[in-house]
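A.B. asks: Take the sequences, apply the hints, and build the full model.
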Amino acid sequence: QQQVKQSPQSLIVQKGGIPIINCAYENTAFDYFPWYQQFPGKGPALLIAIRPDVSEKKEGRFTISFNKSAKQFSLHIMDSQPGDSATYFCAASKHNTDKLIFGTGTRLQVFP
Amino acid sequence: EAGVAQSPRYKIIEKRQSVAFWCNPISGHATLYWYQQILGQGPKLLIQFQNNGVVDDSQLPKDRFSAERLKGVDSTLKIQPAKLEDSAVYLCASSLFLLASGDQETQYFGPGTRLLVL
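Chains as they are written, first to last, in the numbering used here: chain A, 52 to 163; chain B, 1231 to 1348.
Nothing false has been slipped in among the hints.
In the EDC-like style, the derived pairs of lysine to aspartate or glutamate whose C-alpha atoms are separated by at most 16 Å in a straight line are:
hint, chain 1, residue 1, chain 2, residue 2
1, A, K145, B, D1286
2, B, K1308, B, D1293
3, A, K56, A, E77
4, A, K145, B, E1335
5, B, K1308, B, E1244
6, A, K150, B, D1286
7, B, K1274, B, D1287
8, B, K1245, B, E1315
9, B, K1274, B, D1286
10, B, K1292, B, D1316
11, B, K1274, B, E1315
12, B, K1308, B, D1287
13, A, K145, A, D104
14, A, K150, B, D1287
15, A, K150, B, E1335
Some residues of chain B that are not near chain A, with every Cβ distance over 12 Å (derived):
hint, residue
16, I1242
17, R1246
18, V1249
19, G1258
20, S1296
21, K1308
22, L1345
23, L1346
24, L1348
Keep in mind that the hints were calculated from the coordinates and are not lab data. Even glycine gets a Cβ: it sits at the ideal position worked out from N, Cα and C.
C.D. replies: Set out below in structure tokens:
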């Protein structure tokens, strides 16, 4: 129940494409769902986060879609750029705790 | 604003040796976390401090791992003795404070220490 399952493991798109990364969870106590971006040799950095009271959140070219009934959430990157090439992690945590449970990561490559 | 600092960046040791990692969080951040990131996996929380007290160490292998945060600022994570399966990147993160309003605080990660145990 503590797991967050992430797919795909890797993703290759051309510049301008819209990569989509999916995550699923089991524990209904989770109520905070962030996405982290990690470049090689760097630590993860918060990209965008959502709570289950909304179904979608946009920040720039990044959008989270959230389906509470299906216990799934996804990251969409609009007009992807080579600079978006990185590993993306979804995560989840329970209310009143900031212990993050991370997915296994998706390595995204955006080719010019 | 300076980020989370970690040292060393890389460490190679032989199994059964000991090793220590150091972390300096962002100034003013009361909460500090140590994560283990094995190649191809997401980070896994090892221990969480609030100031100099431990909040959660449920996933810390206490027979070989130890951590301390003296004076509520810098922290060290030690492994003694190291095993081959400890090869990973050890990430330190910090956040302002725990649950000020029930909302999660953003965690800021350092660059990590890459450990290779031979």
